[in-house]
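J.: If you want the building blocks of each chain, they are given just below.
2 protein chains.
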Amino acid sequence: MNPQTSPLLADLYQFTMLQTYLELEMQETAVFELFVRKLPPGRNFMVAAGLEQVMEFLENLKFTSEELDWLATHFPHHVIDYLAQFRFDGDVHALPEGSIFFPNEPILRVTAKLPQAQLVESRIINLMHFETLIASKAARSVLVAPGKLLVDFGMRRAHGAEAGLLAARASYLAGFSGTATVLAGTLFDIPLFGTMAHSFIQAHSDESDAFEHFARSHPDNAVLLIDTYDTEAAACKVVTLAKKLHADNIFIKGVRLDSGDLAEHARNVRKILNDGGLQHATIFASGNLDEYKLHDLLSVQAPIDGFGIGTALDISIDAPSLDFAYKLQEYAGKPRRKHSEGKATWPGRKQVYRNYGNDRHMESDIVALEDADPQPGEALIQPVMRAGKRIHSPLSLQDIRAQTICNYQRLPAAMFFLDSVHTYSVIISDALKMMADRIDRERIIHDQKIND
Amino acid sequence: MNPQTSPLLADLYQFTMLQTYLELEMQETAVFELFVRKLPPGRNFMVAAGLEQVMEFLENLKFTSEELDWLATHFPHHVIDYLAQFRFDGDVHALPEGSIFFPNEPILRVTAKLPQAQLVESRIINLMHFETLIASKAARSVLVAPGKLLVDFGMRRAHGAEAGLLAARASYLAGFSGTATVLAGTLFDIPLFGTMAHSFIQAHSDESDAFEHFARSHPDNAVLLIDTYDTEAAACKVVTLAKKLHADNIFIKGVRLDSGDLAEHARNVRKILNDGGLQHATIFASGNLDEYKLHDLLSVQAPIDGFGIGTALDISIDAPSLDFAYKLQEYAGKPRRKHSEGKATWPGRKQVYRNYGNDRHMESDIVALEDADPQPGEALIQPVMRAGKRIHSPLSLQDIRAQTICNYQRLPAAMFFLDSVHTYSVIISDALKMMADRIDRERIIHDQKIND
Numbered sequence: 000m001n002p003q004t005s006p007l008l009a010d011l012y013q014f015t016m017l018q019t020y021l022e023l024e025m026q027e028t029a030v031f032e033l034f035v036r037k038l039p040p041g042r043n044f045m046v047a048a049g050l051e052q053v054m055e056f057l058e059n060l061k062f063t064s065e066e067l068d069w070l071a072t073h074f075p076h077h078v079i080d081y082l083a084q085f086r087f088d089g090d091v092h093a094l095p096e097g098s099i100f101f102p103n104e105p106i107l108r109v110t111a112k113l114p115q116a117q118l119v120e121s122r123i124i125n126l127m128h129f130e131t132l133i134a135s136k137a138a139r140s141v142l143v144a145p146g147k148l149l150v151d152f153g154m155r156r157a158h159g160a161e162a163g164l165l166a167a168r169a170s171y172l173a174g175f176s177g178t179a180t181v182l183a184g185t186l187f188d189i190p191l192f193g194t195m196a197h198s199f200i201q202a203h204s205d206e207s208d209a210f211e212h213f214a215r216s217h218p219d220n221a222v223l224l225i226d227t228y229d230t231e232a233a234a235c236k237v238v239t240l241a242k243k244l245h246a247d248n249i250f251i252k253g254v255r256l257d258s259g260d261l262a263e264h265a266r267n268v269r270k271i272l273n274d275g276g277l278q279h280a281t282i283f284a285s286g287n288l289d290e291y292k293l294h295d296l297l298s299v300q301a302p303i304d305g306f307g308i309g310t311a312l313d314i315s316i317d318a319p320s321l322d323f324a325y326k327l328q329e330y331a332g333k334p335r336r337k338h339s340e341g342k343a344t345w346p347g348r349k350q351v352y353r354n355y356g357n358d359r360h361m362e363s364d365i366v367a368l369e370d371a372d373p374q375p376g377e378a379l380i381q382p383v384m385r386a387g388k389r390i391h392s393p394l395s396l397q398d399i400r401a402q403t404i405c406n407y408q409r410l411p412a413a414m415f416f417l418d419s420v421h422t423y424s425v426i427i428s429d430a431l432k433m434m435a436d437r438i439d440r441e442r443i444i445h446d447q448k449i450n451d
Numbered sequence: 000m001n002p003q004t005s006p007l008l009a010d011l012y013q014f015t016m017l018q019t020y021l022e023l024e025m026q027e028t029a030v031f032e033l034f035v036r037k038l039p040p041g042r043n044f045m046v047a048a049g050l051e052q053v054m055e056f057l058e059n060l061k062f063t064s065e066e067l068d069w070l071a072t073h074f075p076h077h078v079i080d081y082l083a084q085f086r087f088d089g090d091v092h093a094l095p096e097g098s099i100f101f102p103n104e105p106i107l108r109v110t111a112k113l114p115q116a117q118l119v120e121s122r123i124i125n126l127m128h129f130e131t132l133i134a135s136k137a138a139r140s141v142l143v144a145p146g147k148l149l150v151d152f153g154m155r156r157a158h159g160a161e162a163g164l165l166a167a168r169a170s171y172l173a174g175f176s177g178t179a180t181v182l183a184g185t186l187f188d189i190p191l192f193g194t195m196a197h198s199f200i201q202a203h204s205d206e207s208d209a210f211e212h213f214a215r216s217h218p219d220n221a222v223l224l225i226d227t228y229d230t231e232a233a234a235c236k237v238v239t240l241a242k243k244l245h246a247d248n249i250f251i252k253g254v255r256l257d258s259g260d261l262a263e264h265a266r267n268v269r270k271i272l273n274d275g276g277l278q279h280a281t282i283f284a285s286g287n288l289d290e291y292k293l294h295d296l297l298s299v300q301a302p303i304d305g306f307g308i309g310t311a312l313d314i315s316i317d318a319p320s321l322d323f324a325y326k327l328q329e330y331a332g333k334p335r336r337k338h339s340e341g342k343a344t345w346p347g348r349k350q351v352y353r354n355y356g357n358d359r360h361m362e363s364d365i366v367a368l369e370d371a372d373p374q375p376g377e378a379l380i381q382p383v384m385r386a387g388k389r390i391h392s393p394l395s396l397q398d399i400r401a402q403t404i405c406n407y408q409r410l411p412a413a414m415f416f417l418d419s420v421h422t423y424s425v426i427i428s429d430a431l432k433m434m435a436d437r438i439d440r441e442r443i444i445h446d447q448k449i450n451d
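Protein chains in written order, with numbering that gives the first Met the number 0: chain A, 0 to 451; chain B, 0 to 451.
One should not assume that every hint holds.
Chain A stretches covered by chain B per the calculated footprint, using a threshold of three residues with CB under 8 Å from any CB of chain B [said to hold, decoys possible]:
{"no.": "1", "segment": "109-122"}
{"no.": "2", "segment": "173-187"}
{"no.": "3", "segment": "241-250"}
{"no.": "4", "segment": "394-400"}
{"no.": "5", "segment": "427-437"}
Straight-line distance between alpha carbons at most 35 Å, and here's what the computed DSBU-like set of lysine-lysine pairs gives [to be verified]:
{"no.": "6", "chain 1": "A", "residue 1": "Lys112", "chain 2": "B", "residue 2": "Lys333"}
{"no.": "7", "chain 1": "B", "residue 1": "Lys147", "chain 2": "A", "residue 2": "Lys37"}
{"no.": "8", "chain 1": "B", "residue 1": "Lys112", "chain 2": "A", "residue 2": "Lys252"}
{"no.": "9", "chain 1": "B", "residue 1": "Lys242", "chain 2": "A", "residue 2": "Lys333"}
{"no.": "10", "chain 1": "B", "residue 1": "Lys292", "chain 2": "A", "residue 2": "Lys292"}
{"no.": "11", "chain 1": "B", "residue 1": "Lys270", "chain 2": "A", "residue 2": "Lys292"}
{"no.": "12", "chain 1": "B", "residue 1": "Lys252", "chain 2": "B", "residue 2": "Lys270"}
{"no.": "13", "chain 1": "B", "residue 1": "Lys432", "chain 2": "A", "residue 2": "Lys292"}
{"no.": "14", "chain 1": "A", "residue 1": "Lys242", "chain 2": "B", "residue 2": "Lys147"}
{"no.": "15", "chain 1": "B", "residue 1": "Lys333", "chain 2": "A", "residue 2": "Lys252"}
{"no.": "16", "chain 1": "B", "residue 1": "Lys448", "chain 2": "A", "residue 2": "Lys243"}
{"no.": "17", "chain 1": "B", "residue 1": "Lys388", "chain 2": "B", "residue 2": "Lys61"}
{"no.": "18", "chain 1": "B", "residue 1": "Lys388", "chain 2": "A", "residue 2": "Lys252"}
{"no.": "19", "chain 1": "A", "residue 1": "Lys37", "chain 2": "B", "residue 2": "Lys292"}
{"no.": "20", "chain 1": "B", "residue 1": "Lys242", "chain 2": "B", "residue 2": "Lys252"}
{"no.": "21", "chain 1": "A", "residue 1": "Lys112", "chain 2": "B", "residue 2": "Lys252"}
{"no.": "22", "chain 1": "B", "residue 1": "Lys147", "chain 2": "A", "residue 2": "Lys448"}
{"no.": "23", "chain 1": "B", "residue 1": "Lys37", "chain 2": "B", "residue 2": "Lys252"}
{"no.": "24", "chain 1": "B", "residue 1": "Lys252", "chain 2": "A", "residue 2": "Lys448"}
{"no.": "25", "chain 1": "A", "residue 1": "Lys242", "chain 2": "B", "residue 2": "Lys333"}
{"no.": "26", "chain 1": "B", "residue 1": "Lys243", "chain 2": "A", "residue 2": "Lys448"}
Just so you know, the hints here were simulated from the structure itself, not pulled from any lab data.
From a predicted model like this one, the values you see are computed outputs, not experimental measurements.
The C-beta atom is built at its ideal place from N, Cα and C for all residues, glycine as well.
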């Protein structure tokens with residue numbers, strides 16, 4: 000069973016509820032929407048990502064005989080018979096990947112028969128939550144370090160294999176330059192970057208020998224790691240080596256710093272390299288970096304050309320989860336509303352309209368009912384799947400990335416700050432508020448009637 | 000390409016270094032050790048997990064023709080020829096899964112030809128880091144809520160598919176009762192638990208109808224979610240329903256609370272259920288729970304029988320990463336030491352000896368060189384793989400879980416606290432310190448000679 004594609008990657012209750020829905024013949028159309036309840040601390044906006052993986056999941060969803068055999072030990076025949084024929088044939092509407100969004104705005108809507116729309120919940124959240132989390136985190140480094148090479152270094156401490164891969168995809172989508180994760184390069188056509196590990200230096204008895212061996216082996220692409228013992232001493236060794244290699248037409252591409260005071264080391268190393276005639280050798284930095292450290296390094300003009308960002312990116316370390324929810328908003332033509340304490344939802348099928356100021360920057364969004372509740376502005380939610388099939392062929396990741404970078408140009412200037420300083424205006428339409436009130440009143444009246 | 004098994008789930012530099020190692024014929028034996036540099040804030044100890052997945056990865060490691068074709072576009076023929084024949088045939092030593100461990104203690108050692116031992120770095124860290132992270136987080140809930148049903152509810156917000164699965168495994172290993180994730184139950188034989196979603200209630204026009212339909216559909220196993228609208232009112236509906244169902248020999252197993260003041264709701268609901276003759280119906284709670292909230296609920300004697308713990312568990316929300324490192328400690332028979340600022344390592348092949356007090360509780364550990372540095376205590380590191388093959392057949396997850404729970408009995412009492420209160424004594428042996436000093440001195444002398 001392939002964890003990425005298995006429909007068993009779901010909570011048990013999806014199957015127990017499905018059993019009851021089948022027994023009750025509750026097969027009317029359900030509408031679920033995915034949204035985030037609130038921004039994580041420090042964030043001004045979110046970047047939507049993961050839709051491509053959701054489309055693939057839904058298009059290919061089916062149960063293998065092995066999966067059905069296992070389910071048959073837990074569920075009655077009529078459930079297994081239904082699942083043996085299961086295909087997702089519903090509709091999906093969504094924000095395009097790379098879109099900026101805010102709390103209470105639906106970013107994905109599933110319209111399908113109730114048992115179908117319910118069964119896909121767990122994996123849809125799992126995919127959209129993680130990629131959106133990482134794209135939103137990565138955007139912060141992209142905004143804070145314009146023009147710098149930014150590379151995802153985080154796979155080893157990402158939470159498992161898929162997290163490592165999808166973090167590479169989501170960060171590239173959000174504007175990173177590439178990743179160190181080979182399989183992500185292979186699967187998603189993301190540019191790959193890499194240098195060398197400390198073990199390479201340590202396996203040699205002499206640091207200069209290690210540098211020379213690597214440079215001769217990779218004459219076009221040698222970035223040498225210089226902090227294993229003494230950073231500045233190693234930079235001097237690089238200068239000496241470069242002169243020797245010059246005769247063989249081999250050029251050192253750059254050096255990497257991975258520890259200590261990166262700004263100070265970078266200044267010292269830049270001077271050593273420049274004095275040694277290596278003005279074109281770049282300085283790349285890594286080592287527990289995040290967007291705050293990038294900001295600090297750049298604000299003191301540390302002469303660093305690129306950054307490898309690992310753990311902080313791949314697990315979104317300051318906000319490792321989002322308050323994402325996938326909620327039933329309509330069933331059998333009637334809008335529905337959950338009313339649990341602190342977790343009430345806006346009912347019905349919704350659209351988000353975005354309005355821009357005269358300077359072309361985003362000014363406010365309106366969340367409104369999709370039909371019969373027209374609002375000014377750009378409608379953001381688009382149909383992407385009809386009757387289980389994609390409406391358009393997939394965009395290339397490069398095209399999504401280019402559009403994401405364009406989207407940043409429309410952000411209000413205050414949103415470029417790393418701390419949460421700007422409360423963007425998300426307006427709930429009057430018709431939507433009235434519908435929510437009406438549903439609450441009707442439920443109370445219904446309960447009173449039952450009790451009378 | 001399967002992300003779980005593909006050797007391309009590795010950092011690019013593993014392949015660039017491998018190329019150089021092959022060209023230099025650097026094929027001597029390398030020894031890498033995996034360890035954590037420091038405890039995350041609030042933690043007193045770690046629980047080792049992930050070894051089983053590492054064993055599977057190493058035993059089955061090979062390149063598919065598709066993977067080789069892709070690599071051939073980036074690396075020279077001799078690298079591809081080597082990789083086409085690649086099998087891991089090294090040795091592995093490790094702490095058993097479920098072992099308690101501390102910073103600077105190796106928990107896994109790879110002894111293999113340098114190119115092999117290097118190539119497997121990224122995925123070994125990726126697997127061991129995540130499962131150890133989650134097992135260590137889960138242990139805290141297990142210690143704080145003895146005798147309670149604890150269920151992993153976190154897959155939807157886990158970081159991708161594999162994180163959801165391995166979080167279920169690691170938390171069960173650490174003493175949880177089970178998981179809601181069906182595929183984890185299927186793959187790892189973990190008990191499955193589930194109730195119903197709010198959408199089930201919402202899809203019905205009447206809450207009592209929803210309860211009744213579910214109970215009739217699952218007569219042996221109905222846990223009803225009662226917080227969709229008004230928790231206490233719903234509990235009263237459950238009592239009324241139970242009387243009706245009693246005639247048909249259907250019994251309500253329990254109820255679930257998912258929002259609001261859980262202690263207060265639980266007390267109210269317990270009284271309503273007891274007054275209605277449902278003394279045997281259990282109360283299960285969920286909703287952004289973690290070990291701190293469990294502690295608070297239990298310290299006010301909230302009458303809750305079980306807990307579903309989701310996001311906080313599956314992403315280890317207060318400490319979503321560990322400072323894990325996989326470092327070269329020996330090459331070609333010589334101990335090696337990285338000396339970067341703040342990141343120096345202890346060289347050589349090491350063993351950890353654990354000593355217990357008269358009360359059988361753990362008292363201190365000694366980290367020493369494996370050979371010729373004998374120490375008192377229980378030697379924790381064991382051989383687990385020889386020449387690429389496991390030495391023992393895998394333990395069942397149930398057996399590992401039982402051993403883990405036994406291990407908790409040996410913890411010093413202060414380590415049961417949720418906050419970091421106890422600094423456990425990890426002693427570095429004199430011989431190890433002397434070896435580290437000698438390596439540093441020799442390197443300095445070597446560098447001076449080069450400069451002279």
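J.: Now tell me, hint by hint, if it's right for this structure.
T.: Checked hints:
Check on the segment 109-122 of chain A: 5 of its residues sit with their Cβ under 8 Å from a Cβ of chain B, so the three-residue criterion for coverage holds. For the segment 173-187 of chain A, the proposed coverage by chain B is satisfied: 7 residues have a C-beta within less than 8 Å of a C-beta in that chain, meeting the threshold of three. Closer than 8 Å: that is the beta-carbon criterion, and the segment 241-250 of chain A has 0 residues meeting it against chain B, so the requirement of 3 is violated. Only residues whose beta carbon comes within less than 8 Å of a beta carbon in chain B count, and the segment 394-400 of chain A has 0; fewer than three means the coverage is violated.
Only when three residues or more bring their CB closer than 8 Å to a CB of chain B does the claim for the segment 427-437 of chain A stand; here the count is 0, and the claim is violated. For the hint pairing Lys112(A) with Lys333(B), the CA-to-CA distance comes to about 66 Å; that exceeds 35 Å, so the pair is violated. For the hint linking Lys147(B) to Lys37(A), the alpha-carbon distance of about 31 Å falls within 35 Å, and the restraint holds. For the proposed pair Lys112(B) and Lys252(A), the alpha carbon gap of about 29 Å is at most 35 Å, so the pair holds.
For the proposed pair Lys242(B) and Lys333(A), the alpha carbon gap of about 31 Å is at most 35 Å, so the pair holds. Among the hinted pairs, Lys292(B) with Lys292(A) is consistent with the structure: their alpha-carbon atoms are about 33 Å apart, no more than 35 Å. As the CA atoms of Lys270(B) and Lys292(A) are separated by approximately 54 Å, the hinted pair breaks the 35 Å bound. Distance restraint check for Lys252(B) and Lys270(B): the Cα-Cα separation of roughly 16 Å lies within the 35 Å cut-off, and the hinted pair is therefore satisfied.
With a C-alpha separation of about 34 Å, the suggested pair Lys432(B) and Lys292(A) falls inside the 35 Å cut-off, and the hint holds. Restraint check for Lys242(A) and Lys147(B): not satisfied, since their Cα atoms lie roughly 69 Å apart, outside the 35 Å limit. For the hint linking Lys333(B) to Lys252(A), the alpha-carbon distance of about 31 Å falls within 35 Å, and the restraint holds. A hinted pair counts as satisfied when its Cα atoms are at most 35 Å apart, and Lys448(B) with Lys243(A) qualifies at roughly 19 Å.
Distance check on the hinted pair: Lys388(B) and Lys61(B) sit about 14 Å apart at the alpha-carbon level, within 35 Å; holds. With a C-alpha separation of about 41 Å, the suggested pair Lys388(B) and Lys252(A) falls outside the 35 Å cut-off, and the hint is violated. Note on Lys37(A) and Lys292(B): the hinted pairing holds, with a Cα-Cα distance of about 21 Å set against a maximum of 35 Å. With a C-alpha separation of about 13 Å, the suggested pairing of Lys242(B) with Lys252(B) holds against the 35 Å cut-off.
Restraint check for Lys112(A) and Lys252(B): satisfied, since their Cα atoms lie roughly 29 Å apart, inside the 35 Å limit. Taking the CA atoms of Lys147(B) and Lys448(A), the gap is about 39 Å. The hint is violated against a cut of 35 Å. For the hint pairing Lys37(B) with Lys252(B), the CA-to-CA distance comes to about 44 Å; that exceeds 35 Å, so the pair is violated. Restraint check for Lys252(B) and Lys448(A): the C-alpha separation of about 28 Å stays at or below 35 Å, so the hint holds.
At most 35 Å may separate the alpha-carbon atoms for a hinted pair to count; Lys242(A) and Lys333(B) meet this at roughly 31 Å. The suggested pairing of Lys243(B) with Lys448(A) holds, with an alpha-carbon distance near 19 Å, which does not exceed 35 Å.
Violation of the numbered hints given earlier is confined to hints 3, 4, 5, 6, 11, 14, 18, 22 and 23; the remaining hints are satisfied by the structure.
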